[in-house]
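**Student:** In order, the protein sequence lines correspond to chains A, B and C. Taking our numbering, the leading residue of the first sequence gets 5, the next gets one more, and so forth. Taking our numbering, the leading residue of the second sequence gets 10, the next gets one more, and so forth. Taking our numbering, the leading residue of the third sequence gets 27, the next gets one more, and so forth.
Because the hints were derived from the structure by calculation, they are not lab data. Values in this document were obtained by computation on a predicted structure and should not be read as measured data. Among the clues, some could well be false.
As the list claims (entries may be wrong) - Coverage of chain B stretches by chain A, computed from C-beta distances (three or more under 8 Å per stretch; other residues unrestricted):
1) 51 to 62
2) 115 to 126
3) 177 to 184
To be verified - Listed below are the simulated DMTMM-like cross-link pairs for lysine to aspartate or glutamate, each with C-alpha atoms no more than 20 Å apart in a straight line:
4) K186(A) - E209(A)
5) K176(B) - E209(A)
6) K200(B) - D133(A)
7) K321(A) - D342(A)
8) K167(A) - D178(A)
9) K114(A) - D233(B)
10) K195(A) - E316(A)
11) K321(A) - D348(A)
12) K200(B) - E61(B)
13) K114(A) - D56(B)
14) K176(B) - E231(A)
15) K200(B) - D126(A)
16) K176(B) - D133(A)
Claimed, not checked - FRET-style restraints, in silico, Cβ to Cβ:
17) R336(B) - G53(C): 49 to 57 Å
18) T20(B) - G55(C): 46 to 54 Å
19) R149(A) - L167(B): 18 to 26 Å
20) E241(B) - G215(C): 25 to 33 Å
21) K236(A) - A323(B): 32 to 40 Å
22) G53(C) - L144(B): 42 to 50 Å
23) F275(C) - R336(B): 52 to 60 Å
24) A182(A) - H49(B): 16 to 24 Å
25) D197(C) - T20(B): 44 to 52 Å
Positions of the beta carbon are idealized from the N, C-alpha and C atoms, including for glycine.
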Amino acid sequence: MMTQRRIGSVAGCLIGIFLLIAAPAFGRSVTDSAGRSVEIPETITRVFAAGPPASTLLYVLAPQDMIGWVRAPRDAEKPFLLPMVRQLPELGRLTGRGDSLNLERLIAAKPDLVIDFGTINDTYKSLADRIQSQTGIPYLLIDGRFENTAAALRLVADVLGVKERGETLARAADETFAQVDKVVAGIPPDKRPHVYLARGPEGLETGSRGSINTEIIERVGAINVVEGPRPKGGIVSASPEQLMAWAPDTIVSLDRSFHATVSQKAEWKPVPAVAAGRVFLAPSLPFGFVDAPPSLNRLIGLSWLLHTFYPEQAPGKLREQVRSFYHLFYQVDLTEPDLNTLLDNSGG
Amino acid sequence: MRTATILLSLTILLLAVSVMASGIGPYRIPPLDVLEAVLHRMAGGGDTGAIETVLFNIRLPRVAAAACVGAALAAAGAAYQSLFRNPLVSPDILGVSTGAGLGAVIGILLGLPVLMIQALGFGGGLLTVVVVAALARSLRGSGDVLVLVLAGIVVGALAGAAISLVKVLADPYDQLPAITFWLLGSLAGVKASDVAATVPVVLLGLAPLVLLRWRIGVLSLGDDEARALGIEVGRLRTIVIAAATLVTASVVAISGVIGWVGLMVPHMARLLVGPRFDRLLPASILLGAAFMVGVDTLARSAARIEIPLGVLTAIIGGPAFVWLLARNRRKLLP
Amino acid sequence: MTLLQARGLAIGYGRTRIAGGLDLSVGAGSVTCLLGPNGVGKTTLFKTLLGLIPPLSGTVEIDGSDLSGLDRQTIARQLAYVPQAQIAEFPYTVIDLVVMGRTAHLGRFGGPQRADYEAAMTALDRLGIAALAERDSTRISGGQRQLALIARALAQRTRIVVMDEPTASLDLGNRILVLDTIRGLADSGLAVVLSTHEPEHAFVVADRVAVLGRDRFTIGPVEAVLTSEELSQLYGVALNVEQAPSGRFVVGPA
Numbered sequence: 005m006m007t008q009r010r011i012g013s014v015a016g017c018l019i020g021i022f023l024l025i026a027a028p029a030f031g032r033s034v035t036d037s038a039g040r041s042v043e044i045p046e047t048i049t050r051v052f053a054a055g056p057p058a059s060t061l062l063y064v065l066a067p068q069d070m071i072g073w074v075r076a077p078r079d080a081e082k083p084f085l086l087p088m089v090r091q092l093p094e095l096g097r098l099t100g101r102g103d104s105l106n107l108e109r110l111i112a113a114k115p116d117l118v119i120d121f122g123t124i125n126d127t128y129k130s131l132a133d134r135i136q137s138q139t140g141i142p143y144l145l146i147d148g149r150f151e152n153t154a155a156a157l158r159l160v161a162d163v164l165g166v167k168e169r170g171e172t173l174a175r176a177a178d179e180t181f182a183q184v185d186k187v188v189a190g191i192p193p194d195k196r197p198h199v200y201l202a203r204g205p206e207g208l209e210t211g212s213r214g215s216i217n218t219e220i221i222e223r224v225g226a227i228n229v230v231e232g233p234r235p236k237g238g239i240v241s242a243s244p245e246q247l248m249a250w251a252p253d254t255i256v257s258l259d260r261s262f263h264a265t266v267s268q269k270a271e272w273k274p275v276p277a278v279a280a281g282r283v284f285l286a287p288s289l290p291f292g293f294v295d296a297p298p299s300l301n302r303l304i305g306l307s308w309l310l311h312t313f314y315p316e317q318a319p320g321k322l323r324e325q326v327r328s329f330y331h332l333f334y335q336v337d338l339t340e341p342d343l344n345t346l347l348d349n350s351g352g
Numbered sequence: 010m011r012t013a014t015i016l017l018s019l020t021i022l023l024l025a026v027s028v029m030a031s032g033i034g035p036y037r038i039p040p041l042d043v044l045e046a047v048l049h050r051m052a053g054g055g056d057t058g059a060i061e062t063v064l065f066n067i068r069l070p071r072v073a074a075a076a077c078v079g080a081a082l083a084a085a086g087a088a089y090q091s092l093f094r095n096p097l098v099s100p101d102i103l104g105v106s107t108g109a110g111l112g113a114v115i116g117i118l119l120g121l122p123v124l125m126i127q128a129l130g131f132g133g134g135l136l137t138v139v140v141v142a143a144l145a146r147s148l149r150g151s152g153d154v155l156v157l158v159l160a161g162i163v164v165g166a167l168a169g170a171a172i173s174l175v176k177v178l179a180d181p182y183d184q185l186p187a188i189t190f191w192l193l194g195s196l197a198g199v200k201a202s203d204v205a206a207t208v209p210v211v212l213l214g215l216a217p218l219v220l221l222r223w224r225i226g227v228l229s230l231g232d233d234e235a236r237a238l239g240i241e242v243g244r245l246r247t248i249v250i251a252a253a254t255l256v257t258a259s260v261v262a263i264s265g266v267i268g269w270v271g272l273m274v275p276h277m278a279r280l281l282v283g284p285r286f287d288r289l290l291p292a293s294i295l296l297g298a299a300f301m302v303g304v305d306t307l308a309r310s311a312a313r314i315e316i317p318l319g320v321l322t323a324i325i326g327g328p329a330f331v332w333l334l335a336r337n338r339r340k341l342l343p
Numbered sequence: 027m028t029l030l031q032a033r034g035l036a037i038g039y040g041r042t043r044i045a046g047g048l049d050l051s052v053g054a055g056s057v058t059c060l061l062g063p064n065g066v067g068k069t070t071l072f073k074t075l076l077g078l079i080p081p082l083s084g085t086v087e088i089d090g091s092d093l094s095g096l097d098r099q100t101i102a103r104q105l106a107y108v109p110q111a112q113i114a115e116f117p118y119t120v121i122d123l124v125v126m127g128r129t130a131h132l133g134r135f136g137g138p139q140r141a142d143y144e145a146a147m148t149a150l151d152r153l154g155i156a157a158l159a160e161r162d163s164t165r166i167s168g169g170q171r172q173l174a175l176i177a178r179a180l181a182q183r184t185r186i187v188v189m190d191e192p193t194a195s196l197d198l199g200n201r202i203l204v205l206d207t208i209r210g211l212a213d214s215g216l217a218v219v220l221s222t223h224e225p226e227h228a229f230v231v232a233d234r235v236a237v238l239g240r241d242r243f244t245i246g247p248v249e250a251v252l253t254s255e256e257l258s259q260l261y262g263v264a265l266n267v268e269q270a271p272s273g274r275f276v277v278g279p280a
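Generate coordinates for the entire structure from the input sequences, incorporating the hints supplied.
**Tutor:** So, in structure tokens, the structure goes:
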């Protein structure tokens with residue numbers, strides 16, 4: 005007995021020592037959302053975000069590991085970001101074929117890891133494999149679907165070694181979703197708003213039902229007036245005539261100049277939402293509440309939509325919720341003037 | 010013979026440009042390091058430091074691919090200019106590039122792996138030309154090149170409309186940028202395996218063009234005269250179209266749509282060696298390869314972001330073409 | 027010796043029949059002239075004789091072999107075509123243009139060799155335009171271009187030459203030069219067929235003449251066929267054939 009246990013523990017020690025000695029620079033193997041098994045280094049200090057959704061994900065989890073932005077933050081956005089990331093360089097996109105980022109520059113940036121957060125399909129899987137084999141840099145694909153937010157946070161937090169923070173954020177995300185579902189369940193169908201998402205300065209670009217752009221609007225129980233040709237929607241063009249036919253009672257706008265001028269435009273006046281003054285500008289500092297990028301920045305957008313669409317039923321105060329979200333996720337403390345700037349014209 | 014000298018010079022030019030291109034890129038590698046890495050690899054060494062990764066996985070495949078693309082497009086352009094008896098013809102006249110574009114963007118829309126996207130691009134290009142040829146044959150028999158051109162315009166326009174439709178249906182965040190960049194042309198994502206797959210196909214397509222170059226030149230006199238001089242016009246036309254389509258489709262599959270090269274390089278070559286196709290073809294191939302290597306070097310190092318190849322060739326090609334026409338009106342146009 | 031023979035030839039395109047019942051034979055060392063009004067089908071007949079379009083019925087034979095059974099290269103070794111001179115799309119030099127006539131004798135791959143260039147230069151020389159060899163063929167005069175095309179047919183070293191209106195749009199001096207050349211070719215043993223709008227040219231250069239009218243086809247020795255009546259009927263205008271004191275035949279309105 006004794007001998008067996010002793011042999012067992014000695015063997016265990018030896019195996020442990022052997023593993024330590026034999027361990028290569030790549031410390032461990034993780035499985036990404038696409039089921040790919042990827043070798044990553046033990047310590048990760050430099051991460052490249054392959055697209056805007058990934059930038060947001062990386063920023064909330066481990067801003068200290070960021071080496072750059074896909075698009076550099078504008079001046080108006082900088083006060084809403086941590087000081088350490090405000091001046092990071094613009095590196096360009098990597099997702100998709102033949103993109104703006106040169107692979108040599110990627111190597112020159114010396115990242116330990118590339119994170120891509122978005123659609124998982126064969127195209128992106130094979131692209132990830134290609135870039136990984138060409139550059140030798142591990143490439144992780146994370147499922148960017150909104151309902152996957154908590155799982156994504158947990159997965160990436162584990163990879164980056166910030167498990168605790170990841171758990172905290174994931175729990176907050178779960179709570180937000182639960183709250184949304186609870187409130188929406190209590191709204192009768194006839195009280196649900198008919199919404200049109202107005203993109204672009206003319207407001208004539210929109211997302212059809214089921215599109216990633218209108219995802220959260222539909223998530224809070226609103227009805228997207230724009231029905232598209234397929235269940236999974238996309239960006240479509242609209243005409244003022246169609247708008248009158250659809251007759252939305254609420255408009256969510258992403259463009260400041262559209263919001264400022266819509267009530268003066270003759271062709272928009274007959275639209276019920278415009279006539280009733282229910283045109284809301286989605287806040288967007290530093291990341292859009294509704295869209296742009298379609299990442300977990302939309303969590304606070306859910307709260308905003310709840311308060312905008314269902315002011316009586318929405319729990320708590322919006323300003324408090326915004327403040328605590330920004331504190332927790334973006335690690336910035338908003339003053340009253342900040343909140344005003346942020347929520348200006350949003351109806352909040 | 011003057012032609013031999015010119016061809017030799019062009020070969021040296023191609024080699025020189027390729028060597029220089031291997032040393033230029035956003036990741037700084039001093040020329041001596043380039044040489045050392047290459048010699049070491051040739052001697053069997055298998056280092057995988059950053060320099061080796063950049064050089065052998067990224068940069069050299071790009072240089073090789075660029076040479077391939079330039080050679081193929083220039084050869085196809087020159088061959089079609091002889092076939093259609095018109096110096097303003099480009100390799101896309103029968104719709105091969107547009108068709109390849111359609112195949113590839115459908116692959117992107119369906120979310121298929123990159124290899125499938127390339128295969129669909131290749132297949133789309135071939136299929137489009139087959140459709141055009143069949144359409145022309147059913148309309149007027151295969152005797153009339155004008156019918157071929159018209160069929161090419163029609164089918165090309167349809168393919169272009171289909172591409173626009175795909176763009177509307179595509180996911181605006183993930184797929185649309187990919188589609189847009191593919192259609193603008195780029196060698197940014199090219200791997201050694203892509204080159205290994207493309208080079209044999211391009212060589213296979215160039216071979217008949219090179220071997221038959223004298224007869225292809227005689228074709229430019231017109232169907233009746235060519236026949237009377239002993240050329241089987243229908244058969245030769247089929248071979249030229251098949252070969253030109255093969256080389257064009259295979260390079261468009263890895264590089265996306267790149268215009269102007271097939272139109273302009275034969276004109277530049279014509280200024281050097283004259284209009285005779287048996288001299289023009291080798292000159293076009295060499296000049297096209299060197300040109301494309303130069304343009305791709307510019308694409309990856311002129312700015313902080315990758316400039317799409319199609320944009321660069323248009324920016325360089327358009328004005329250069331106008332200049333060529335102005336200076337050499339009589340030599341180039343009847 | 028008959029080199030080119032058409033038997034019971036009906037010519038046309040698809041369902042459209044243009045002329046039929048044509049019997050034609052052209053012998054070595056002779057010139058046969060084809061006359062007919064505009065649009066009657068002279069070019070169609072030529073293209074059928076050259077094998078460029080198939081006959082609706084009947085046969086064309088070269089040296090006894092049916093044309094329809096021969097491949098283009100074989101045909102081109104025996105039968106050369108001189109089309110009406112047009113400006114080419116590409117600025118080939120005259121020598122380049124002429125050496126293309128050697129294509130029928132080249133292998134499947136590869137281009138002209140020294141012997142081919144020599145044949146081309148010999149042909150240019152024979153027509154007196156050797157000095158034009160390196161000139162741009164699109165920048166020489168119409169007459170010179172026509173001569174170059176004839177040189178190309180010569181370089182092709184065939185026994186039969188078919189010429190489509192070789193004197194059209196040439197000035198008087200060049201016309202005489204071309205007619206002299208044609209006669210010289212026949213005298214050296216070639217069989218020459220040419221079409222022309224000028225009956226007087228037929229008198230000058232031809233041994234036999236073929237007249238293609240709207241519903242008529244006659245072939246025979248020049249002076250026998252080209253009578254005033256025949257010509258008047260052919261062109262639908264009253265014409266008269268006269269012989270000048272010098273012996274030349276002149277055709278004019280009656």
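**Student:** Given the hinted pair K114(A) and D56(B), is their alpha-carbon gap at most 20 Å?
**Tutor:** Since the Cα atoms of K114(A) and D56(B) sit roughly 18 Å apart, the hinted pair holds (cutoff 20 Å).
**Student:** Is it true that the CA of K195(A) sits at most 20 Å from the CA of E316(A)?
**Tutor:** Judged against 20 Å, a Cα distance of about 12 Å means the pair holds.
**Student:** Within 16 to 24 Å or not, the Cβ separation of A182(A) and H49(B)?
**Tutor:** Violated: the Cβ-Cβ distance is about 60 Å, outside 16 to 24 Å.
**Student:** Given the hint that K321(A) pairs with D348(A), does the C-alpha gap stay at or below 20 Å?
**Tutor:** The hint holds at about 16 Å.
**Student:** Could one say that the CB atoms of F275(C) and R336(B) fall in the range 52 to 60 Å?
**Tutor:** For F275(C) and R336(B) the Cβ distance comes to about 54 Å; the hint holds.
**Student:** With 49 to 57 Å as the target window, see if R336(B) and G53(C) comply at their CB atoms.
**Tutor:** holds (54 Å)
**Student:** Verify the proposed pairing of K114(A) with D233(B), using a straight-line Cα cut of 20 Å.
**Tutor:** It is violated: about 64 Å lies between the C-alpha atoms, which goes past 20 Å.
**Student:** Has the given pair, K176(B) with E209(A), been kept, meaning a C-alpha gap of at most 20 Å?
**Tutor:** holds (15 Å)
**Student:** Given as covered by chain A, does the segment 51 to 62 of chain B meet the bar of three residues or more with CB within less than 8 Å?
**Tutor:** Three-residue rule met by the segment 51 to 62 of chain B, so holds; n is 3.
**Student:** Taking 20 Å as the top limit, are the C-alpha atoms of K186(A) and E209(A) close enough?
**Tutor:** violated (31 Å)
**Student:** For the pair supplied as a hint, K200(B) and E61(B), is the alpha-carbon distance within the 20 Å limit?
**Tutor:** holds (14 Å)
**Student:** Taken at face value, is the distance from the CA of D342(A) to the CA of K321(A) at most 20 Å?
**Tutor:** Holds, because 16 Å separates the two Cα atoms, which is no more than 20 Å.
The structure does not agree with the numbered hints 4, 9, 16, 19 and 24 stated previously, though it agrees with the rest.
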